[in-house]
Amino acid sequence: MQLLGIIISLLGGGVLALIVGRRSATASRWLSLASLAAASIFYASLWHVSTDALATSIWLQHLDWLWIERFGIHLLFATDGLSLILIGLTLLLGYVALLSAWHEIKQRCGLFYLNFLFTLAGVVGVFSALDLFLFFVFWEVMLVPMFLIIAIWGHEGRHYAATKFFIYTQASSLLMLAAMVGLVLLHQQQTGNLSFSWFTLTQTDTSGTIGMWLMLGFYIAFLVKLPGLPVHNWLPDAHTQAPTPGSILLAGILLKTGAYGLLRFVWPLFPDAALSFAPIAMGLGVLSVLYAAKLAFAQNDLKRLIAYTSISHMGFVSLGIFAWNHLSLQGTVMQMVGHGLSSAGLFAIAGLLQQRLHTRDLNQMGGLWSQMPKLSALSMVFAVAALGLPGLANFIGEFMVLLGVFQVQPWAASLAAIGMIMAPIYALMIMQKGFFGAATTATMQVADLNPRELLMLGILVVGLVLLGLWPNVLFTITTAPVDYLLHLGKGG
Amino acid sequence: MNWLELTSLLPLLLVASISVILLLLIAFVRDHKLTCWVTCVGFAMAAYLAFADMGNTAQQVTPLLIVDDFSRLLVGVVLLVSLACGWMSYAYLETADEIREEYYILLSLAALGACVLIASNHFASMFIGLELMSVSLFAMVGYMAHSKQQANMTLEAGVKYMVLSGVSSSFLLFGVALIYAYAGNLSIDLEVAAGGPHLQSGYLVVGSALLLVGVAFKMSWIPFHMWTPDVYQGAPAPVTGFLAGAVKVAVFAFAMRWLMMAQGDYLSLLLLGLTVMALLSMVMGNLLALRQNNLKRLLGYSSIAHMGYIIVTLAATATHGASALSTALEGAAIYLITYASMTMLAFAVISQLAAQDRGFETGTLAKYTGLLFQQPLLASALILAMLALAGMPLTAGFIGKYYLVLVAVDSQLWLLLSMLVLGSALGLYYYLRVILVLCKTPIDDHPIDNQIMVFGMGDKLLLLLLMLMTLWLGLYPTPVIEWVQLAIA
Chain A
1 MQLLGIIISL LGGGVLALIV GRRSATASRW LSLASLAAAS IFYASLWHVS TDALATSIWL
61 QHLDWLWIER FGIHLLFATD GLSLILIGLT LLLGYVALLS AWHEIKQRCG LFYLNFLFTL
121 AGVVGVFSAL DLFLFFVFWE VMLVPMFLII AIWGHEGRHY AATKFFIYTQ ASSLLMLAAM
181 VGLVLLHQQQ TGNLSFSWFT LTQTDTSGTI GMWLMLGFYI AFLVKLPGLP VHNWLPDAHT
241 QAPTPGSILL AGILLKTGAY GLLRFVWPLF PDAALSFAPI AMGLGVLSVL YAAKLAFAQN
301 DLKRLIAYTS ISHMGFVSLG IFAWNHLSLQ GTVMQMVGHG LSSAGLFAIA GLLQQRLHTR
361 DLNQMGGLWS QMPKLSALSM VFAVAALGLP GLANFIGEFM VLLGVFQVQP WAASLAAIGM
421 IMAPIYALMI MQKGFFGAAT TATMQVADLN PRELLMLGIL VVGLVLLGLW PNVLFTITTA
481 PVDYLLHLGK GG
Chain B
1 MNWLELTSLL PLLLVASISV ILLLLIAFVR DHKLTCWVTC VGFAMAAYLA FADMGNTAQQ
61 VTPLLIVDDF SRLLVGVVLL VSLACGWMSY AYLETADEIR EEYYILLSLA ALGACVLIAS
121 NHFASMFIGL ELMSVSLFAM VGYMAHSKQQ ANMTLEAGVK YMVLSGVSSS FLLFGVALIY
181 AYAGNLSIDL EVAAGGPHLQ SGYLVVGSAL LLVGVAFKMS WIPFHMWTPD VYQGAPAPVT
241 GFLAGAVKVA VFAFAMRWLM MAQGDYLSLL LLGLTVMALL SMVMGNLLAL RQNNLKRLLG
301 YSSIAHMGYI IVTLAATATH GASALSTALE GAAIYLITYA SMTMLAFAVI SQLAAQDRGF
361 ETGTLAKYTG LLFQQPLLAS ALILAMLALA GMPLTAGFIG KYYLVLVAVD SQLWLLLSML
421 VLGSALGLYY YLRVILVLCK TPIDDHPIDN QIMVFGMGDK LLLLLLMLMT LWLGLYPTPV
481 IEWVQLAIA
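Top to bottom, those sequences are chains A and B.
Heads up, the first sequence is in the numbering used here, so the first residue is 1 and it goes up one at a time.
Heads up, the second sequence is in the numbering used here, so the first residue is 1 and it goes up one at a time.
Since no wrong hints were added, every one of them can be taken at face value.
With a straight-line Cα cutoff of 30 angstroms, these simulated DSS-like cross-link-like pairs (lysine-lysine) come out: (1) 160/B x 148/B; (2) 374/A x 106/A; (3) 160/B x 367/B; (4) 294/A x 433/A; (5) 106/A x 440/B; (6) 367/B x 106/A.
Just some of the chain B residues that point at chain A, by a computed CB distance under 10 angstroms: (7) 393; (8) 436; (9) 478.
In short, the hints are calculated from the structure, not lab data.
Beta carbons: idealized from backbone N, C-alpha and C, even for Gly.
Same shape as in the complex, but just chain A (with noise of 0.2 angstroms):
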């Protein structure tokens, strides 16, 4: 009952900030900090359940309800310690969020933080749906609320970007529709019984080319969710015109519903066909890391360039899922909440500068270091954390993920390599050109952190410090479910 417990209070959280909101906007800040709080007890709860139920099974929490009965579609929700770690990090950067929304957003408050929680809630859904309609159900409604709040609350393109980011997310998700009602329709050939439900659809036969096909269609969607080349376009616009909270939530956890597709639907629905397309997905990942990294190298908006290098990232992760094997899934998930982190923390910090400097535009930028010195050394720690320095999250993450892909594809692993060169030169550009150097006049003047935002930036650094430092709290947790992934998927 507790995920039900954290989605119910997100939404009704949201509902209420809404009504709230029309009075008074720091009301319904604080309705939405309560709401996250209650979520959070309700996580918590969970992981005090979890710690008995870790040793026994995989499955923490299962609950199910009939719901259209015409399919066998039911309402069920599960989660195994992927999801967990996954919900965590959605908690999380939740307050992250709220935190640099706290005075950014001034305007239709209520609204906001309607579109706020309701986008947490979807992506809560998402990574504890179990049911595949359920699940196309949650993929869906999480992108209303995120339309919404980058069309809004948006910098000055934010109509052009916000109508690309849905557009390019719904147009990939109908095609995972039409390939899930295939795979339903499959499964009901086979056993004459129809079911939406993972756990029956895992036990479909998926050989042949109707698989392909099929794992074609999910794969498409994911793809645009990573986002990986070549349908990474919606990404660079979308986070640049978002606002910081927006982008925050964009990079740290929306990004991670497409590699938790990958792991949880594409290869135990479809391990055949995901065996054998493994190596053009691998091709593809270590296209998104150079290519995207090059671009970065290329930017002068400074949310852009993040934006780039989230791509580049999240290309580790695409290489990790498909080299299937329980180093590079490992890895995987390391990375992506590493890069949860760090990249919020790199929206966060452009978000402050653009509240400050009144620009994006790296050029305009200089010598801040001896202007807002917390404010940099906070960004030097989150610029070496994306480019991968050891004692960090991200360096665990990519580490193992080209560890586990050189065992299937060593020319892959060895070309991904090169984008651990490319990455520093990125992140240090972003310090050598904003922070060192001789200031200028945009730069004059302007304040260093306050408590609350060094509160904001100083809880993702302890995250990240402590997953570089201490990785088992999270392998421990992953362990069990990577394996019974690995199972299904038939890998070694």
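Keeping the supplied structure of chain A fixed, place chain B upon it in accordance with the hints.
For chain B alone, coordinates are given in the frame of chain A:
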């Protein structure tokens, strides 16, 4: 005609009597509110009768009409659409400089025509139903002929609709004549007609093709869609709602019934025609909608696209065996219901806004700028309608779209399925455009008329009901699905 046949015809008789009662009523008391009440209550009762009769055995009432659960269901739906239409007409007509009461007579006649069309399994009753509906609609489309703001547009739309509808009817009649020449009988079930003189089947092929053209005009399938955008834009908003909701449901129901009866070699020809029209409507309908600047026009193209999507179920009916057939029928019925609810929601919003200021229906989309922050209820209803039309989950539109995908995969109509996906993806753009306009902060060069708009309780209630309906169909469709399954079993 025995008693049982008579009772099964009760909803139709009731609708017919509404028009007579209204005629008499108007002769004695001219009262807009009372007229509207009588119409709406009449529609509600007739819809109730139609639904309550479901589950009883099918009745062939004379050779002309068949009252089975399929027709009871869709007659009920059409009557509910007419009810919504009459309801939203009240506020709209209140602000019109026009005689108001006669409008409701036309509405009830049009609804009667639609019901007859749904229940017909004979070409004669089909034609009577179709013409009864169309002729009433000519007048309804051109109803605002004396209004200063609207006269030009509404008259143009009325004449256009009349001329093109007349042309399509003549195609249709000629087709029916040829089929008659082949079969010697006017029943749409050619099995029954098989005892006829058996001229060469060329008559049947050409006749069916012409009949299909006639149907395509009414359904506004491309390339027979020319009238749609102009008529949608020019007609008064409630009438456009009726055109988009009731007319499409009724004509489609007839097409479905006809194709289910169709057999043999000419079926492949019909199927080819249908597939081509489906592909064109899905893709072109959406493409043409992209840059439209008037909301009603945009919805016109959107309805072209939606009617293109639903051909999937027709094609599935025509291609495959019994199990696929029942899924296809179920899909068609569900799609019609969901489509009716979301379309009526959209037009209810437009018509309530237009009741306050005709600029909302005649002007550009810019008129709607920032409406979300001025009229939250109306704007959220419109946003919901747009999301539903775009097929977002948790709204009625998604269930409809899901059924179409299911039917397409089930019958392996891959070409239609891929165009369905492409068309829906294209469609997102203009639905989002409307939403973006609604939540755009008003800026100086588009000042909003800050006239205070006051909406009556009845208007709000209608909106809430339609919103609930649209959400309910999306959130928990099980009862409706079971009900539809009952109807087609």
